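A.B. asks: The chain contents come next:
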Amino acid sequence: MLAKRIIPCLDIDKGRVVKGVQFVNLIDAGDPVEQARYYEEQKADELVFLDITASHEKRETVLELARRVSDEVFIPFTIGGGIRTVDDVRLMLKSGADKVSINTAAINDPTVVTTSAQRFGSQCIVVAIDAKRRADFDPARGALGNWEVYTHGGRNPTGLDAVKWAIRIQQLGAGEILLTSMDRDGSKEGFDLELTAAVSENLEIPVIASGGVGNLEHLYDGLVKGKADAVLAASIFHFREYSVTEAKNFLAKKGVCVRK
Amino acid sequence: MINIIDFKMGNLRSVEKAFLHLGFEARISQDPADIGSASHLVLPGDGAFGRSMEHIAAMGFEQPVRGWIAAGMPFLGICVGFQLLFERSDEMGEHRGLGIVPGNVQKFPPGRKIPHMGWNQVDWKRESPLVEGIGDGAWFYFVHSYFAKPSREQDVLGVTDYGMEVAAVVGDDAKKAYAVQFHPEKSQAAGLKLLENFANM
Chain A
1 MLAKRIIPCL
11 DIDKGRVVKG
21 VQFVNLIDAG
31 DPVEQARYYE
41 EQKADELVFL
51 DITASHEKRE
61 TVLELARRVS
71 DEVFIPFTIG
81 GGIRTVDDVR
91 LMLKSGADKV
101 SINTAAINDP
111 TVVTTSAQRF
121 GSQCIVVAID
131 AKRRADFDPA
141 RGALGNWEVY
151 THGGRNPTGL
161 DAVKWAIRIQ
171 QLGAGEILLT
181 SMDRDGSKEG
191 FDLELTAAVS
201 ENLEIPVIAS
211 GGVGNLEHLY
221 DGLVKGKADA
231 VLAASIFHFR
241 EYSVTEAKNF
251 LAKKGVCVRK
Chain B
1 MINIIDFKMG
11 NLRSVEKAFL
21 HLGFEARISQ
31 DPADIGSASH
41 LVLPGDGAFG
51 RSMEHIAAMG
61 FEQPVRGWIA
71 AGMPFLGICV
81 GFQLLFERSD
91 EMGEHRGLGI
101 VPGNVQKFPP
111 GRKIPHMGWN
121 QVDWKRESPL
131 VEGIGDGAWF
141 YFVHSYFAKP
151 SREQDVLGVT
161 DYGMEVAAVV
171 GDDAKKAYAV
181 QFHPEKSQAA
191 GLKLLENFAN
201 M
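As you go down the protein sequences, you meet chains A and B in turn. Just so you know, we're using the working numbering here: the first sequence kicks off at 1 and counts up by one. Just so you know, we're using the working numbering here: the second sequence kicks off at 1 and counts up by one.
These aren't lab readings, by the way, just hints derived from the structure by calculation. Keep in mind that this is a model prediction, so the values were computed, not measured. Take the hints with a grain of salt, since some may be wrong.
What the hints assert, rightly or not - Here are the computed lysine-lysine pairs in the DSBU-like style, where the Cα-Cα straight-line distance is at most 35 angstroms:
hint, chain 1, residue 1, chain 2, residue 2
1, A, K254, A, K227
2, A, K94, B, K113
3, B, K176, A, K227
To be verified - Quick look at which bits of chain B chain A covers, simulated, 3 or more residues with Cβ under 8 angstroms:
hint, region
4, 10-18
5, 67-75
6, 122-129
7, 135-147
8, 180-192
Unchecked claim - Here's a subset of chain A near chain B, in silico, CB distances under 7 angstroms, partners left out:
hint, residue
9, L2
10, F74
11, G96
12, G121
13, P206
14, R259
No residue lacks a Cβ here, since even glycine has one placed at the ideal position from N, Cα and C.
This is chain B alone, in the form it adopts within the complex (with noise of 0.2 angstroms):
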């Protein structure tokens, strides 16, 4: 059972549906106590960072998070739920992120139309079971104004051009802990082969 943890930020149906059609099995929920019995946890999410550490602290999120991921059960944030692992973000204030990959989130600079919003291509860094059968320049669909700037390059596994270096994914093959930037249940036949890749592992 894929847990979708809905923190009450976003809309979480599509991400849900994509399981579905994929034929998995998928929920989305707002209990911690779920988590126990899943296989697979997605953090999904849109609006603002403060807001969404705030809400996730709130309904007892954090620990239950940690723990997964520590524990080395197959993880996958999206969108937010990508810019929550870092350490902290600039957006409306300074965030404290949950910190489980170094590095921070902050704004685009100008000189370019924000949000980052539309289709880019994603280039790999290195190959990892969540992209298998993906090829570098696959397009997918973005939606941010703030960026993660991850101080690891071992953590980045892809990246999009905007004007300047983006990461766009990160992950951590041998924890199966993963999360992207873009939206994978709205980006097409790329975005369902990465959700799938990451229902089988």
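Only chain A is shown next, with the shape it has when bound in the complex (with noise of 0.2 angstroms):
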């Protein structure tokens, strides 16, 4: 039976981990390729790295570190943050990275998906969403009207509805979604779990939950409430309040099928 993943997320800043909360606030966590090793140690089941503040001029930096790890780690990892065009795709996968995670862009250029996925293949491209719940969240609407999409770390809205623009990713080829509830990242709330299953439920493609984990119970809501096929979470991992290890033994024994 597949496994559910448990995903550990880089944030990256300069070439180095950082973990910011809500964005803000970063502080400094490591070194990448130790910490890609470390987990996959753990027996983590991908990586996600972002680089939170990439600019055009910091491109080299993030091809560099895709080179580092894929030349050490041996399990997928993902690369996103400041990936704009179809040739940010090619380097990026050129440079050793299994997936790209393409945010913005698939917003302001929704063909930046199309031609990438029909040129690289759909199993490496993701389309992260940002979402935040409407101001009138009625649980009774279901799971379209409910939540916004956002841009720019959850700061400017887009007038998109998260279900719809979930299903129209899929359309245009992306692989999976990384999804990502701005009202409950850094919280240490658990997931959206509603957000969630109402993406997971209306896409044929995988979805990444993330955003909000704050104990090992947030994880498996996430993957049995939430139907999400895959959790990711930055801050418990990092601040060693769990490792990988823990949090598989834990979601082995309330049933869930995860890679040991």
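Take the two lone chains and join them into the complex the hints point to.
C.D. replies: So this is what it looks like as structure tokens:
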């Protein structure tokens, strides 16, 4: 049976790992390759590197990161942050990334997703969605009309409905969705389970839940109640509150299929 | 020298790095002439079946690959390189494959997430030098939306369960010709062991 995936997320700034709480107050937490090896030993299923302050002049730093990680780490990894063009995607994959995560560029120019998927395969195109509950959130309304897509770390509303946008992304050829609740990100209160389930149930492609993990029960809820195919977490792993091994033991005991 | 065929589809760097990490000599090559000086041939790749076949034919790899396998030299297909060995695929129209393994490639039926993406367990149908030292239920990393249906049971070396039995490894020990649907270069210890077994043939 296909295992549910546990994915540590490493936020990267100038080639170093940092962790943002609600995308501010950054605290330095180490070297990316060392961190990647540490997580690989714990049987993390994949890794995500998000270059949170990516801009064009920093591109070479990120490509170098991809090369270093792919030389030494034998699990799949995704790189996101500042991917704007098909050529950015090409260079990142050529440097050794297994997947790239596209966020704002998918909204500004959806052909980046379509063209990249056609050229390199859907399997390596992850589209990141940052969603927030609407002020008039009403569970009775169901999947549509309750969440809005944001960009720029949750600052800019787009007017797009999160579930509709996720369906559109699947049609464009993305292979996977990285879904972050901006309400929960950094809160340690757990995933937005209604959001996660609404997106996962309406898609054929896998969904990675992100934003809000504070304990192991949250991971379980995301996978079981939220119906996510994978869960992403940063701070609970970085600050050694839990190891990935502990997380997997916990989930296995509760009957979730994980790789051990 | 392990020769990794680059037919301009997908990320081959990890395959090369895995062999180098294991202490073998490996190179990525777009030149069919390089095959002559190789000891092992690897056909990796990601992406669409039809386009992959077009590239292989246009770059002059089709006959050298056939000749290599016919001669019983060590061969390993990975992911699309696994699917290309079959006779045909339904991916975006019907496409001809290399036809080395009888059977075809088709889309997963609905009722599951597609692609089949992530870690799944492989059980072995028989013993083979390729999987020596790798126990039943070993985990490997898969990414694919289409699956192969080999016609002959004898070709299937390993299977995985994705709500249905899916061929994960095909092989012919006498010819030293193998192919894997998963990515051994992304499958940690079990994957590296498989690559090591292959490189030692």
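A.B. asks: Against each hint, give a clear statement of whether it holds in the structure.
C.D. replies: Here is how each hint holds up against the structure:
The straight-line distance between the Cα atoms of A:K254 and A:K227 is roughly 15 angstroms, inside the 35 angstroms bound, and the hint therefore holds. Taking the CA atoms of A:K94 and B:K113, the gap is near 27 angstroms; set against the 35 angstroms cutoff, the hint holds. For the hint pairing B:K176 with A:K227, the CA-to-CA distance comes to about 42 angstroms; that exceeds 35 angstroms, so the pair is violated. Here's how the region 10-18 of chain B fares: 6 of its residues keep a CB closer than 8 angstroms to some CB of chain A, so the rule of at least three is met and the hint holds.
Closer than 8 angstroms: that is the beta-carbon criterion, and the region 67-75 of chain B has 0 residues meeting it against chain A, so the requirement of 3 is violated. Three residues within the 8 angstroms Cβ limit are the bar, and the region 122-129 of chain B against chain A gives 0, so the coverage statement is violated. Given a C-beta distance limit of less than 8 angstroms, the hint that chain A covers the region 135-147 of chain B holds, as 6 residues qualify and 3 suffice. Coverage of a stretch by a chain is defined here by at least three residues with a beta carbon nearer than 8 angstroms to that chain's beta carbons; for the region 180-192 of chain B and chain A the count is 7, and the condition holds.
With a least beta-carbon distance of about 5 angstroms to chain B, the hint placing A:L2 at the interface is held under the 7 angstroms criterion. Because the beta carbon of A:F74 sits about 5 angstroms from the nearest beta carbon in chain B, less than 7 angstroms, this interface hint is met. Among the interface hints, the one on A:G96 holds; its C-beta lies about 5 angstroms from the nearest C-beta in chain B, closer than the 7 angstroms criterion. Interface hint status for A:G121: upheld, as the beta-carbon distance to the closest one in chain B is roughly 4 angstroms, under 7 angstroms.
The beta carbon of A:P206 is positioned within 7 angstroms of a beta carbon in chain B (closest approach about 5 angstroms), and the interface hint is therefore held. Because the closest C-beta pair between A:R259 and chain B is about 4 angstroms apart, less than 7 angstroms, the hint holds.
The earlier numbered hints that this structure contradicts are 3, 5, 6.
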